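With chain A held as given, fit chain B onto it using these hints.
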Amino acid sequence: MVPLSDREISAEIIESCRLGDRDAFRALYDLYKDRVYSISLYFFHGDQAAASDVTQQVFLKLMTGIGQFRGDAEFSTWLYRMVANACTDAARRRKSDAVLPDHPVEAIAGPASQEEDYARAQIARSVRAAVAALPPKFRIAVLLRYFDELSYEQMAKALHCSMGTVASRLSRGHKILAERLTGLVRSSAE
Amino acid sequence: MMLTRHPSPRLAAYIDRQLPARKARQTEIHLANCAHCRAECEQVRLGMAALEHLPVIEAPAEIWASIERASQERRARQPVMSGRWRLAFAALLILALVGAVYWAVGNRSGIRWEVVRLAGSPVVGSQRIQAAGRIGAGEWIETDSASRATVRIGEIGSVEVEPNTRVRVAVACPAEHRLALARGEIHAKISAPPRLFFVDTSAGTAVDLGCEYALKVDADGYGRLQVTRGWVSFQWRDLESLVPAGASCWTRAQAGPGIPYFDDALESVKQALVRFSFEKGGDDDLSIILAGSRVRDTLTLWHLLSRVPGADRGLVFDRIAALTPVPAGVSREQALKLDPETLKLWKEELAWTW
Numbered sequence: 001m002v003p004l005s006d007r008e009i010s011a012e013i014i015e016s017c018r019l020g021d022r023d024a025f026r027a028l029y030d031l032y033k034d035r036v037y038s039i040s041l042y043f044f045h046g047d048q049a050a051a052s053d054v055t056q057q058v059f060l061k062l063m064t065g066i067g068q069f070r071g072d073a074e075f076s077t078w079l080y081r082m083v084a085n086a087c088t089d090a091a092r093r094r095k096s097d098a099v100l101p102d103h104p105v106e107a108i109a110g111p112a113s114q115e116e117d118y119a120r121a122q123i124a125r126s127v128r129a130a131v132a133a134l135p136p137k138f139r140i141a142v143l144l145r146y147f148d149e150l151s152y153e154q155m156a157k158a159l160h161c162s163m164g165t166v167a168s169r170l171s172r173g174h175k176i177l178a179e180r181l182t183g184l185v186r187s188s189a190e
Numbered sequence: 001m002m003l004t005r006h007p008s009p010r011l012a013a014y015i016d017r018q019l020p021a022r023k024a025r026q027t028e029i030h031l032a033n034c035a036h037c038r039a040e041c042e043q044v045r046l047g048m049a050a051l052e053h054l055p056v057i058e059a060p061a062e063i064w065a066s067i068e069r070a071s072q073e074r075r076a077r078q079p080v081m082s083g084r085w086r087l088a089f090a091a092l093l094i095l096a097l098v099g100a101v102y103w104a105v106g107n108r109s110g111i112r113w114e115v116v117r118l119a120g121s122p123v124v125g126s127q128r129i130q131a132a133g134r135i136g137a138g139e140w141i142e143t144d145s146a147s148r149a150t151v152r153i154g155e156i157g158s159v160e161v162e163p164n165t166r167v168r169v170a171v172a173c174p175a176e177h178r179l180a181l182a183r184g185e186i187h188a189k190i191s192a193p194p195r196l197f198f199v200d201t202s203a204g205t206a207v208d209l210g211c212e213y214a215l216k217v218d219a220d221g222y223g224r225l226q227v228t229r230g231w232v233s234f235q236w237r238d239l240e241s242l243v244p245a246g247a248s249c250w251t252r253a254q255a256g257p258g259i260p261y262f263d264d265a266l267e268s269v270k271q272a273l274v275r276f277s278f279e280k281g282g283d284d285d286l287s288i289i290l291a292g293s294r295v296r297d298t299l300t301l302w303h304l305l306s307r308v309p310g311a312d313r314g315l316v317f318d319r320i321a322a323l324t325p326v327p328a329g330v331s332r333e334q335a336l337k338l339d340p341e342t343l344k345l346w347k348e349e350l351a352w353t354w
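Chains A and B, in that order, are what the protein sequence lines are.
Sequential numbering of the first sequence, starting at 1, is according to my numbering.
Sequential numbering of the second sequence, starting at 1, is according to my numbering.
Just chain B, same shape as in the assembly:
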């Protein structure tokens, strides 16, 4: 009987009954005729059985206590209302609602985020912030060389506004939190599902994928995104750079994001990337990047694949393949054609080394 391809990668799915009926049947027939795969299947079963020796461990009670503490600290920052004021508050609430409806006419959401002064005299609109203030959609916050402030981004995180920065709240509502950074530097710490927080710059938009990062841009639109936790996607027109923790990418007005790189990459590689991304760097720069790349620099090479001229894609593919095995499902032909599914699959595999 003719055998199908060895089903090694899907043996776990076969054992867990997660294969579609046709594939399960194919696997079953193959196993009946292939002693090597039967032995392999038995090994996967034994590996699964071994885990039965690992008990579920009860989480220490201190964890809940620390969550409570952190939560209380957050609540303490919010105004507290005693019981006897509740009636008065209810009456005031009605008035406030009327005001809010009026305000909402001129303001997209009516939500205003808290601004806390960290140093100097940050300005919101035309008002100097002494200790704390509020900022809503359409308003600017500006710091001079001695000022810093924190903006609390609704319930999802905070942004520190560094000196000499000008930033506007573009949208402030629960489904979208958007800033526009005209110049200067911000540090964002966001804890929320992906794609709820955005920062627009003249070079494109930083899209939060659950993360912590610094973003700076000068008046000429030169900037840099540096991610310290999670992931950020920087997008401009059809260009997208995915930047994980420990990596950065340069940005330029009307040119979008450069190719991301790990901060510990070779200096020569970083310099070549700037030339390649923004200064029409040529073969020499490509050679420097390829030769200086390590396994984790496949982050850079994966992005490079779709940004080099078609004739150079083979060089990039071969370099990645030399650094780490090409996974099943990724063919050279499809990768060089920039097939989206192939690139996505490859990225998912490579990302474990990033």
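Bound conformation, chain A alone:
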């Protein structure tokens, strides 16, 4: 999983945001923006415009709605529920994301100048394509697990489903990934 530091949002920051403190909101944004953007980016197969739209939409909603956040749910659960809803709503609007163009890997992984970098970029490209090909319900679960260390209970709340369903989606999603990437991951791990 992605190593995270300072991932706990203090009640003080939340309270300051509720009172309209823009610096506190910026701190909140800085803490979560990359994870929200990355989840959206990989959800939409590297489509930067779609990921930017979702990220902007999520934080605008957050800014508007944080005054009503009562603290009866964990902040990250609420945030990722908005991310999951925004991604799935946007995916629905696109009708079918099976026809999404394959965005160039350089767009999200940077240029590959050395052979090793090139090989790594190629693997990343394959993994990204395999993630993008997952059914949306598996895709969002897999990305939420990877980009934040949410417990299964938190993920269940964020995805409006049971913990058993979360476990099942993660099991099936990761298994499909492994099947699609047979050889690639194993050889890179060796």
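If you're looking for bench data, these hints aren't it; they were derived computationally from the structure.
Hints may be right or wrong, so weigh each one.
Said to hold, decoys possible - Here are the simulated lysine to aspartate or glutamate pairs, DMTMM-like style, with alpha carbons at most 25 Å apart:
| no. | chain 1 | residue 1 | chain 2 | residue 2 |
| --- | --- | --- | --- | --- |
| 1 | A | K61 | B | E348 |
| 2 | B | K347 | A | E153 |
| 3 | B | K189 | B | D144 |
| 4 | A | K157 | B | D144 |
| 5 | B | K337 | B | D263 |
| 6 | A | K157 | B | E73 |
| 7 | A | K61 | B | E58 |
| 8 | A | K61 | B | D284 |
| 9 | A | K157 | B | E68 |
| 10 | B | K344 | A | D53 |
| 11 | A | K157 | B | E114 |
| 12 | A | K61 | B | E212 |
| 13 | B | K344 | B | E333 |
| 14 | B | K189 | B | E240 |
| 15 | A | K61 | B | E155 |
| 16 | B | K23 | A | E149 |
| 17 | A | K157 | B | E341 |
| 18 | B | K23 | A | E153 |
| 19 | B | K189 | A | D53 |
| 20 | A | K61 | B | E114 |
| 21 | A | K61 | A | E12 |
| 22 | A | K61 | B | E73 |
| 23 | A | K157 | B | E62 |
| 24 | A | K61 | B | E62 |
| 25 | A | K157 | B | D284 |
| 26 | B | K344 | A | E74 |
| 27 | B | K270 | B | D144 |
Unchecked claim - To be clear about the criterion: a stretch of chain A counts as covered by chain B if any three or more of its residues have a C-beta under 8 Å from a C-beta of chain B, and this derived list gives those stretches:
| no. | segment |
| --- | --- |
| 28 | 35-49 |
| 29 | 170-179 |
As the structure is a computational prediction, the values presented were derived from the model and not from experiment.
The C-beta atom is built at its ideal place from N, Cα and C for all residues, glycine as well.
What follows is chain B alone, placed relative to chain A:
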């Protein structure tokens, strides 16, 4: 050694140490004795490891800039106060507070929402709105055939009031924003945690679950809810229709919400649903609905399950099962008994196709 059931669905939870101790132990024992599951577990681990190749990507700086711009636009709509007026404002504030306390005695919250004229001459109470005005709890806004207006719902969104509409602000406070739509049409855009915005009609209450929708109702209580983003729950007595983006449901006074359907469903299915929901439609209508349903129409079928006579529930169950696999944890027996947990679990699975 006797093996437990194959633990495939919970392998990720086992790897992530999210299983309760007893289940983790059962899984461990099973894996020690089942080569097939060990291989499957290894695959799940490899899938997890594959993700390590995906870096966190820094969000472009333009996103914050666009959030700032949107936020400034919102602030620009609010009155601006310069520094040298602050002292005078403080004095006025004291007077205003006294007034507010007095006002609060006669008004549940004292909060008054902004009303902006979009066309014609909308009326709030008995006053015509020329450009902008205010509306508080207990007051009506009414539009004629040439008038339209926007009501800003506190900090959580806005409602456009279409021509020939009469709507009242029932509650205006931070914990509850409630309108009562007597007739006409409104478009609501709400960005807030669920269950903060409600619209009462003679057919029931639309409960916002974070969404954008149109709601219309005529003087006889015939109406329609059409959702364009997020979800809305329409409730009347024990009846509830959950309507996602792209779907609608008809409503009737003293009958509540009809069964929701996707707007792109077959016309014959939609017509059968109206007859079935409100005109005591029979077997023919049920057959039309079942035969014309696609995978995403399990939205309709899931709602139908609890609204058909007990003898017909099996037909509905079988049709859903034919369209999409029944998930683990949902049994035919429990579903036909309308077990709430079973229906909830099934809905959560089906909702991914809605």
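Hints, verified against the model:
1. A:K61 <-> B:E348: Given that 25 Å is the threshold and the Cα spacing comes to 24 Å, the pair holds.
2. B:K347 <-> A:E153: Holds: K347 (chain B) and E153 (chain A) sit about 18 Å apart, inside 25 Å.
3. B:K189 <-> B:D144: Roughly 22 Å separates the two Cα atoms, so the pair holds.
4. A:K157 <-> B:D144: violated, 44 Å
5. B:K337 <-> B:D263: This hinted pair is violated, its Cα atoms lying about 30 Å apart.
6. A:K157 <-> B:E73: violated, 33 Å
7. A:K61 <-> B:E58: Roughly 20 Å between the alpha carbons, so the hint for K61 (chain A) and E58 (chain B) holds.
8. A:K61 <-> B:D284: violated, 46 Å
9. A:K157 <-> B:E68: Violated - the C-alpha atoms of E68 (chain B) and K157 (chain A) are around 30 Å apart, more than 25 Å.
10. B:K344 <-> A:D53: violated, 31 Å
11. A:K157 <-> B:E114: Measuring from Cα to Cα gives roughly 35 Å; hence the hint is violated.
12. A:K61 <-> B:E212: It holds: about 13 Å lies between the C-alpha atoms, which stays within 25 Å.
13. B:K344 <-> B:E333: At roughly 15 Å apart (the allowed maximum being 25 Å), E333 (chain B) and K344 (chain B) satisfy the hint.
14. B:K189 <-> B:E240: holds, 21 Å
15. A:K61 <-> B:E155: holds, 11 Å
16. B:K23 <-> A:E149: holds, 22 Å
17. A:K157 <-> B:E341: holds, 16 Å
18. B:K23 <-> A:E153: holds, 16 Å
19. B:K189 <-> A:D53: OK: K189 (chain B) and D53 (chain A) at ~17 Å, within 25 Å.
20. A:K61 <-> B:E114: Distance ~20 Å between K61 (chain A) and E114 (chain B) Cα, so the pair holds.
21. A:K61 <-> A:E12: The hint holds at about 20 Å.
22. A:K61 <-> B:E73: This hinted pair holds, its Cα atoms lying about 15 Å apart.
23. A:K157 <-> B:E62: Not satisfied, since the Cα-Cα distance of roughly 31 Å exceeds 25 Å.
24. A:K61 <-> B:E62: With a Cα-Cα distance of about 17 Å, the restraint between K61 (chain A) and E62 (chain B) holds, given a limit of 25 Å.
25. A:K157 <-> B:D284: Not satisfied, since the Cα-Cα distance of roughly 40 Å exceeds 25 Å.
26. B:K344 <-> A:E74: holds, 23 Å
27. B:K270 <-> B:D144: violated, 31 Å
28. 35-49: Satisfied; 7 residues make the cut.
29. 170-179: holds (count 10)
When each numbered hint is compared with the structure, violations occur for hints 4, 5, 6, 8, 9, 10, 11, 23, 25 and 27.
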